[in-house]
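K.L.:
Next come the chains, spelled out residue by residue.
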Amino acid sequence: EAQVTQNPRYLITVTGKKLTVTCSQNMNHEYMSWYRQDPGLGLRQIYYSMNVEVTDKGDVPEGYKVSRKEKRNFPLILESPSPNQTSLYFCASSLWGASDTQYFGPGTRLTVL
Amino acid sequence: DAKTTQPTSMDCAEGRAANLPCNHSTISGNEYVYWYRQIHSQGPQYIIHGLKNNETNEMASLIITEDRKSSTLILPHATLRDTAVYYCIDKNRDDKIIFGKGTRLHILP
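From first to last, the protein sequence lines stand for chains A and B.
Note that this note's numbering has the first sequence beginning at 1, numbered continuously upward.
Note that this note's numbering has the second sequence beginning at 114, numbered continuously upward.
None of these hints come from the bench; they were simulated from the model.
Accuracy of the hints is not assured; some may be wrong.
As the list claims (entries may be wrong) - In silico DSS-like links for lysine-lysine, alpha-carbon gap of 30 Å or less:
hint	chain 1	residue 1	chain 2	residue 2
1	B	Lys165	A	Lys69
2	B	Lys165	B	Lys116
3	A	Lys17	B	Lys165
4	B	Lys209	A	Lys71
Can you make the complete structure from the sequences, with help from the hints?
P.N.:
See below:
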């Protein structure tokens, strides 16, 4: 089944403890991206990747890192999480770019205490 | 930056057509208009997209004005399961994707 998977789905952590949220797609998509969603602010793009080893900042990249060593995986790294990064995170992929149908993962709900 | 404008919320009676408007006045000539919806806190789901002509699929219809500055998503026979936030998408010059705040559609029984 074609899908985007994220792990973990739920995570509660403490300030400063490094964490990684994984994202994987099995559709051989070139483009992958991360979003965060907060009440009243909608979906905001954090980082995106047009292809392997190519990543770019979205609208809210501060406090996040990403890597794209393989086409199928696009992990989101929080080196030193803070409470303002408590949010619902979504990974998405598409065949070739932003102007293409996006397929979203199920979401990761992160709480930073 | 390019962005879309949608009503914050709308109500529609079950079984009636739901018409959701979107303004995308800065969309460029070769960019598609995409619509997605998000049910509760699930991942957004693709609905439909179009460039110039009206489009229809099994989920919805999309009407795009001739000047491409606005569009309307039509759910022909809304059901309770169509209650969701509907997003009209534009993208800015750097190929990022900008979601607006969307329209929260309430289907009334």
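K.L.:
Against this structure, judge whether each hint is valid.
P.N.:
How the hints compare with the structure:
{"no.": "1", "hint": "B:Lys165 - A:Lys69", "result": "37 Å, violated"}
{"no.": "2", "hint": "B:Lys165 - B:Lys116", "result": "18 Å, holds"}
{"no.": "3", "hint": "A:Lys17 - B:Lys165", "result": "49 Å, violated"}
{"no.": "4", "hint": "B:Lys209 - A:Lys71", "result": "19 Å, holds"}
In the structure shown, a violation is registered for the earlier hints numbered 1, 3, in ascending order.
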